[in-house]
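Using the sequences and the hints given, assemble the complete structure.
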Amino acid sequence: MEEKLLNLLADLCDDEEVKSNPDEDLFESGLIDSLAFAELLYAIEENFGVIIAPSEVERSDINTANKIIALVKERMRA
Amino acid sequence: MSFFSGYEFFVCLFVLLIPAAVLGMTQKSLKWYRWVISAFFIIRVYGSTPIQFLYLLGYVVFATYLVKLYLFLRTKYGRNKYIYGHAVFLALLPLVIYKIGVAQGFSLFGFLGISYICFRVIQVVIETYDGVICEINELQFVEFLLFFTSLSSGPIDRSRRFNEDDDRIWTREEYTELLSTGIYKLILGIFYKVVCSGLLYYVLQTYLDGHYGPLYLAGYAYVYGFYLFFDFAGYCAMAVGASYILGIRMPDNFNKPFLSVDIKDFWNRWHITLSSWFRDFIFTRFMIDSVRKKRFSNRLTGAAVGLILNMLIMGVWHGLEPHYIAYGLYHGCILALVEVYQKKSGFYKRNKQKKWYIALSWFINLNVVMFGFLIFSGYLSNVL
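As you go down the protein sequences, you meet chains A and B in turn.
All residue numbers for the first sequence refer to the working numbering, where the first residue is 5 and numbers rise by one.
All residue numbers for the second sequence refer to the working numbering, where the first residue is 30 and numbers rise by one.
Because the hints were derived from the structure by calculation, they are not lab data.
Note that the structure is predicted; figures quoted are calculated from it, not measured.
Be a bit skeptical, because a hint or two may be false.
Claimed, not checked - Capping the alpha-carbon separation at 30 angstroms, the derived lysine-lysine pairs in DSS-like fashion look like this:
1. Lys-323/B / Lys-8/A
2. Lys-383/B / Lys-23/A
3. Lys-71/A / Lys-381/B
4. Lys-23/A / Lys-372/B
5. Lys-293/B / Lys-71/A
What follows is the structure, given as structure tokens:
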């Protein structure tokens, strides 16, 4: 699941770096913008059945690959 | 009396903030005091226009009923788009009637703050649909809507964030921090609004108004842009400062907007609570929906349409007058163009980190932004 999500992210960011550096701030570095963020939320819903509402989480809680993985995992368990 | 202007308001505000500081420093709850101070200012401000007072109370009662009813239906029927659509429509209806009324020259349902209060109600409806809000305390909801500091002109707080602060009793250390930040912001806001914006307004009226040569227009755009910033950012800083002293960490609305290096950066720094509201509740949702329905074959086209639509709605929210709609369209088109340019241009990717590029980009963006303010001011309609 982690690998699938990382691949998804790398695809969205158009950059393989997220895989090697999963703690990088995706918004700060410009890897994810508002458009990619929307696509990410859709992709998470499609692939993992987890719906995350756009206003639900603070950007600071979902700004690295690791934080996104942790959030999706937590939701899949719930 | 008006919010954050005139001696009468400030004398009352300063006097009434003293008990808040005492309560805060002695680690008492500020909740009931927020009710008292909000009620006082609402009665004083709306007292001279009873019809507005009635509309305000009417809308608050209606909105409270609506969100509670919608929460009940959401719990019973789940994510039903049909019910959801009706709830959003009803929350918005008084604003729509009011805006159409203004454009047609009559006033119905109009009250000070109607544009801003709607955002707060719709946020609650949408997050209830999302399943993010699962319970609504009606008293707290009313307090959230009527908190006087941001009632008439923002910033636009979010209910879950507000409730968290509202339920909290701050320790002395925490409150000392809030109090000092609050006093600083309050003073900064007064300086911005009274001194800076006052001076710029004088310059605008005395030296520039009535002249329409190209240089005068450029001067008008710049002076008006800075005037608008100091006026509005000053107002918001006062609102945020007073909120802090009352124990609510109201989000900031401005972050040095004239330092922004491109238009996206600008909208992350200008009227932040409005642009992030639009991002969270319109743009992102439209984009997710577009991807799901495969509305656009190309993702950049989708983004461009989303941005233009988003800003057009923001323009319309300001008012149905042509200059507001033009302002929204202008910013939507610039955002779309910049989005395409930044995604497609090798030149941009090669140079975006370089100092000269950033300086150039800042300068171009500043002028783009100032031209936007010129449109927003409505001054151009005297020329056309």
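These are the hints, each one checked on the structure:
1. Lys-323/B / Lys-8/A: The hint holds at about 22 angstroms.
2. Lys-383/B / Lys-23/A: 27 angstroms, holds
3. Lys-71/A / Lys-381/B: The hint holds at about 28 angstroms.
4. Lys-23/A / Lys-372/B: OK: Lys-23/A and Lys-372/B at ~22 angstroms, within 30 angstroms.
5. Lys-293/B / Lys-71/A: 25 angstroms, holds
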